[in-house]
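A.B. asks: As you go down the protein sequences, you meet chains A and B in turn.
Under the UniProt record's numbering, think of the first position of the first sequence as 1, with each following residue one higher.
Under the UniProt record's numbering, think of the first position of the second sequence as 1, with each following residue one higher.
Simulated from the structure, these hints should not be mistaken for lab results.
It is possible that part of the hints are untrue.
Over the 10 Å line for every Cβ pair with chain A, so calculated as not near, a few chain B residues [stated by the list, open to error]:
| # | residue |
| --- | --- |
| 1 | Arg100 |
| 2 | Gly110 |
| 3 | Asn164 |
| 4 | Gly234 |
| 5 | Ser277 |
| 6 | Asp338 |
| 7 | Pro383 |
| 8 | Leu408 |
| 9 | Asp502 |
| 10 | Asp515 |
| 11 | Ala561 |
| 12 | Arg568 |
| 13 | Arg590 |
| 14 | Ala627 |
| 15 | Trp642 |
| 16 | Glu691 |
Pairwise CB distance ranges, derived in the manner of DEER restraints [as the list claims (entries may be wrong)]:
| # | chain 1 | residue 1 | chain 2 | residue 2 | range |
| --- | --- | --- | --- | --- | --- |
| 17 | B | Asp503 | A | His385 | 13 to 23 Å |
| 18 | A | Thr519 | B | Glu141 | 33 to 43 Å |
| 19 | A | Ala557 | B | Asp119 | 35 to 45 Å |
| 20 | B | Glu437 | A | Ser96 | 28 to 38 Å |
| 21 | B | Asp364 | A | Glu407 | 50 to 60 Å |
| 22 | A | Ser184 | B | Asp139 | 34 to 44 Å |
| 23 | B | Asn185 | A | Thr520 | 39 to 49 Å |
| 24 | A | Ser184 | B | Asp503 | 50 to 60 Å |
| 25 | A | Asp561 | B | Asp139 | 50 to 60 Å |
| 26 | B | Glu177 | A | Asp501 | 56 to 66 Å |
Everything numeric in this text was worked out from a predicted model, so none of it was measured.
Heads up, the beta-carbon is just placed ideally off N, CA and C, and yes, glycines get one too.
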Amino acid sequence: MSPDTGKVETQPMDPVTLAVLKGRLEQIADEMDATLFRSAFNPIIAEAHDASHGLYHAETGETLVQGKSGLPVFVGAMSFAVKAVIDRAAKAGGVSQGDVYIFNDPYEGGTHLSDFKLVRPFFRDGKLFCYLASVGHWHDVGGNVPGNYNPVATECFQEGMLIPPVKLYDKGEFRPDIVEILKSNSRLPGSLYGDLNGQINALELGDQRLNALLDDYGAETVAQGLAELKARAGQLMRSFIADLPDGTYSADDFLDNDGITDSPLQIGLDIRIEGDRMMLDFARTSPACAGPVNISRSTAIASCYVALKHVFRDVPANAGVLEPIDFNIPIESLLSVSAPKPVGGYTETILRVIDVIFVALSQAAPDMVNGCAYGTINALSLAGHRADGRRWVMFSFFGGGHGGNPEGDGLNHGNAPISTATIPPLEILEAAYPVQFTQWALRPDSGGPGTQRGGNGAIYEIKLLEKNADVFLFGERGKYAPPGVLDGESAAFNKFTYEQDDGPHEPPMVSKMVGIKLTTGQKVRLETPGGGGYGSPLQRDPDLVAEDVRLGYVTSAAARDRYACIVDESGELDRPGTIVLRQEVASQ
Amino acid sequence: MSSPSNRIIVGVDVGGTFTDVFFLNEADGTCDVAKVPSTRGDQSIGIREGITSRIADLGQVGTIVHGTTVGTNALLERKGVRTGLITTRGFRDVLEMRRRDRPQTWGLWGHFDPIVPRDLRLEVDERVLADGTVAEELDPEQVREAARTLLERGAQALCIFFINGYANQQNEQKALEAAKQVWPNEHISVASEILPEIREFERGSTASLNAYLQPLVGSYLERLEAGLRDGGFGGEVLIVQSNGGVMSVATARALPVRTALSGPAAGVIAAGYIAESAGFPNVITCDMGGTSFDVSLVADGQSALAAQTSIDFGMIVRTPMIEITTIGAGGGSIASVDRGGLLQVGPESAGSDPGPVCYGLGNDRPTVTDANVVMGRINADRPIGGKLDRLDVEAAKQAIEKHIAKPLGLDVMAAAEAIVRVANARMAGAIRLVSIERGHDPKRFSAMPFGGGGSLHAGALIKEVGLASALVPRYPGVTSALGCVIADMRHDRVQTVNTRLDDLPVETVEAQILDIVGHSESMLGEAGVGFDRIDHIVEFDMLYVGQTHTVTVPVPLQIEAGRTQAGRTGLSRDLIKTSFEDAYKAAFGRLLDGIPMQVMNLRVAVVGRRPKFDLALLAPSAEGQVADAVLGQRNVWQDGDWRDTTIYDRMALPLGARVEGPALLEQADTTIFVDAGLAASVDRFGNLIMERQ
């Protein structure tokens, strides 16, 4: 008996048992998340929660249940990862009880090489019931750049090791040789080993908990419940889509460059809504590029899922969300590449996919969307050797603002829409690495003007305390700022600078740094974008603009130029002058 | 110590509606309870009224122990004072930037206003590095200047918070001296004094919330003490901390942030003590209110402590607190059917105003209480809480019919039962979260409901989670007040060490431990209460090098109150190592050989154990018949049918009485539902023990 998520049951399950089962199943996935977060070695999992766990369909790999605290983008991507294992195993005679597969092939399983997926078939009474899977972002998986964000990769081989689905456990028997291969390919084998153990523990726990649930309710009831939860998510999603006016809604946005050639890459979207179905058509998208901002088709679909879940947030997180959605993603476009095209910078591209969905949907559902968030991951890697020869790698993601929305101004300094990651405390970073932060602050005027303003991004300035270090920085939005919606304006550009003996520099690719050499006392500085505005800034209450100036979120100059409000440096509003100025601007 | 003339100990818990008072007369071994309306503007008035309702002469009272919600409410309602912050140049936004999170996983509409607005966060030149080196000296004049500006802008309390202040307090101390020259009151909180622990946001948040509360909690305690002294009270007032221990008023005024969970902590302490006395060392306490269901785990008589608690989004308090897990499933939680046809209960709530539909105060969406009323489990003619004369059953029924029964295609009674079942399932989930997820087997645990609502659902939780039993205390409504009377005095202190175990200067650390112990013991001494004994708990937060999350490692040391000398505690590198391995193995199953260990923080708790009283005082008489306690019969809906159910007066049940389900037991502060298949008996402390038949 496996959960057949495809067909709608003739005899629906009683709503009470279903509601109870839903809670129990979600708790299993949540608990797997929590286990890994607590025991992981690298801060990207432990602090940033760049990991995910769930239950997946025995034949299709579709997501049945996903933990709430894991990385949102994995919700969609992991079903492809499980399917990759199913297909691989099918060629070798199928899976057995006690098997655990491990791999990081992004073309089959989505996302990028840093994400190692463990997939474990779950058997009940000798029959395959479903799959349990765990994914986590490892600290270092080889390649040219410590931390694996290689802005100039032109093949995946420069980004890290690529492991196809292989058995880490074969019918319950552990294969230490696999672990040896993995460890030999990492700069930080200890961290890798610790994270791997955490993922194994999470799967083991999931297995125990699911067995207990099946003991309580029986496999048949749980399978039926899973099928019904998917059907209901689909039904809910269809009802939301049906509420939107039929029509075509378009948006285009651009990546700065691919890290190799400094020319923009287009992501074009037409959303066609017809009745209760929605088509996401990416026909106007650039072809695959030379650098690492390509994504595989599975990653593209996963990112659409994230965007839709942010807008239709009440729909349960399972494959049903995508059931009324059709896709057109041209093969060998930026959004559907195959090996060995580099995909290490996948985060930038999926954030852009999410942004075009928000902007296009704002035309159909103005009350349900928000201005775009800062739209880049800002992966910074600082690496060097200490006086005693020990290698150090500081790797972290840096934040920005969220968009204005129907409820209010955007959040200052939030995390990326694809993640729930928190940033490590700067004191932890200073205690662990030879760096000193000289600034960690909100960046005024970085939020996009709007009736509801975008939240502000941040300024992070870091000084090197050791002799030598290399800086790698992977970002976007250096030339195409995060857009607002419904006449809300764009946020500020992302701005990176670094210091050398001859003074400050901006990197040649604007939003990417590759192996920049710093010596003692020199600094690297990130000024990140805020979020886009919501509604016209001319409609913003002048008192709110004045308050923003008084508190330093907006400068007096920006109040005049972008909100048509006359406010002095202290936050005093010139009310009559503002009325006149706004009339002038409105009549232009 | 108390003299024979003032041997009454009073515990007081102030709730939203009522102020509960518990009296223990140590001289004659009697106890009493009182319940008076809370006085919202100034809680101290209600407290005095509550005490004097039983004792005219406050001179007879030796100690008053108080679980206060003044701090909790000020945090939740953001009613603290205008607070200023002086911090390191470049870092004034740390409080606003948080740890770069957002309120919900899905949906990007969150917003956050820090309690210290941006124009009240000023910077001065200074810098301490992670290793404690002072990279930039502080100029006291800059601090005075900043303080003057903050005063001009209306700040009433001040927080001084520097980056890496945990590693070297020198600059913060210099800033404190400078600020004192300008600041007109005592309300200055210094981050490294309040929490000398690494992690700037958590430390800064805790310290600034402390400053935010200080004038408010301080003046409240002043009024309270003054009022009591006016009435002739000459004893000590003690305040319950979030860690479940009590502290003196002086400590509470300096560290008001430690009262953030004062009220609920007292309840958990009482529950743990009552249960252990009754022979149930493992309990899960369940406090069901209007909007939430709070659970807490007591294993082997010990409450679990959480290192930090999020009061609200971005409002982190990092001091040890009784670990209380809250889910949005209270009596006022609203039931609804979503567009996908799925029944939901909560987290949206009608609260207590307008409250459930049956209150008739304007809400028309059905709640858990409405379902209980419709099923006959709550007596509509005798509402708990005292605000209303009777409940409107018909209106509750209509609401369930319209919002639940019709959309689900059920009849109204089936729909009411469904609401309760889903609510029970959510509560069961919370219990699973604190038990199974932490490695505890629920079969070894009993549910202990206190407060008004939980007793109706306790029986169902036994069935749903597989708990051994449920224990309803004699006076569930005054559990927190009772907890005040028995809580120990406790002081927690943390210090970041951040050193590899191999490099740890063991002797220095031992000296540090003894220093903290000495300081905390003198705080106990100054409080003016007697202790049976003093316990010392020493723990390290440790990890393998490379990890970021720590495990708590208790280290058994020989420390005797006031008498331990350096070199005699038994602290050694080996002891720390083996203690870490034990703790790590218990948490994660296997050790990671070959990876060095790191000691992140030192934690020392000093606990003054206060004398306990014999709960048998609360017991009812053994005389009398069960039949005399019968109030009548009522139809109660259960398992898909109306069943004739006997109603008992709980307080009239004699010691040793046994009642088989289905039965309803009514008392002034709660209603207990004994499901079919369960039986309830009265133990020698007056507790009701519910078990499978």
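A.B. asks: Does each hint hold? Answer for all of them.
C.D. replies: Evaluated hints:
| no. | hint | verdict |
| --- | --- | --- |
| 1 | Arg100 | violated, 4 Å |
| 2 | Gly110 | violated, 5 Å |
| 3 | Asn164 | violated, 6 Å |
| 4 | Gly234 | holds, 47 Å |
| 5 | Ser277 | holds, 33 Å |
| 6 | Asp338 | violated, 7 Å |
| 7 | Pro383 | holds, 27 Å |
| 8 | Leu408 | violated, 5 Å |
| 9 | Asp502 | holds, 14 Å |
| 10 | Asp515 | holds, 23 Å |
| 11 | Ala561 | holds, 35 Å |
| 12 | Arg568 | holds, 32 Å |
| 13 | Arg590 | violated, 7 Å |
| 14 | Ala627 | holds, 37 Å |
| 15 | Trp642 | holds, 19 Å |
| 16 | Glu691 | holds, 20 Å |
| 17 | B/Asp503 to A/His385: 13 to 23 Å | holds, 20 Å |
| 18 | A/Thr519 to B/Glu141: 33 to 43 Å | holds, 35 Å |
| 19 | A/Ala557 to B/Asp119: 35 to 45 Å | violated, 19 Å |
| 20 | B/Glu437 to A/Ser96: 28 to 38 Å | holds, 30 Å |
| 21 | B/Asp364 to A/Glu407: 50 to 60 Å | violated, 25 Å |
| 22 | A/Ser184 to B/Asp139: 34 to 44 Å | violated, 54 Å |
| 23 | B/Asn185 to A/Thr520: 39 to 49 Å | holds, 45 Å |
| 24 | A/Ser184 to B/Asp503: 50 to 60 Å | violated, 30 Å |
| 25 | A/Asp561 to B/Asp139: 50 to 60 Å | violated, 37 Å |
| 26 | B/Glu177 to A/Asp501: 56 to 66 Å | violated, 41 Å |
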